[in-house]
Amino acid sequence: MTFSSPVLSNSPLRYVVASLLPLALAACVDVRTPAGDAPAAPVTLTVPVASQPSTPGRVDGASIYELRRAPAQVVQNSQAEAAAAFNGWRRAQGLAPLTRAAQLQRAAQVHSDDMARMNTMSHVGSDGSRVGERSHAQGYQYSHVSENVAMTPFGIDSAMELWAKSPSHRAAMLRTDVREFGLAQNGRYWTLVMGVRK
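If you count by mature numbering (1 follows the signal peptide of the UniProt record, and there is no 0), then the sequence shown holds residues -26 to -1, 1 to 172, one letter each, in order.
Read the hints as simulated data drawn from the structure, not as lab findings. Remember, it's a predicted structure, so these values are computed and weren't measured experimentally. It is possible that some hints are incorrect.
Stated by the list, open to error - With a Cα cut of at most 20 Å, we get these calculated SDA-like pairs of lysine to any residue:
no.: 1; residue 1: K139; residue 2: A76
no.: 2; residue 1: K172; residue 2: R74
no.: 3; residue 1: K172; residue 2: A76
no.: 4; residue 1: K172; residue 2: E154
no.: 5; residue 1: K172; residue 2: V98
no.: 6; residue 1: K139; residue 2: R74
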């Protein structure tokens, strides 16, 4: 989000305002299984937030931020509401909806739960796992898998808006070769995993 106020745009006050308002973040990672199922060589991206760790993996994006007053409580959405919002967004872009895969749903929930326990947004789990490893651990054998994560107290509408405004997250959600997904929330932490089976 850009500052439109001339008072804030050139003032150190914008950093004070930014530190006082809740911060919504999103990040994206994209993994393909190389020939022979050997692990892909990691590429490192440092997320531009001091409190966020480096994000190893095949990275297809960076973080985006949103500043606005927090709701009194974190907006909770059901899995059905989240899935409907995601597939509704795809339909609005002229794309076919994706099918929810139980394995990707579990991988997404495991990671959202883990981020909530760590109280940080990251593509790397507390055990060092990445989206490909988490998907395999749930029994999902993929030729491609990608992950968008977000941290927002405003619910699925905000997570979708954050991802849609970021070129790399948007590109991941617009892929026509993915067929299945899992989308999970734990408080303000969101994980979207999209994939294609082998």
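Out of the numbered hints, which ones does the structure contradict?
1, 5 and 6
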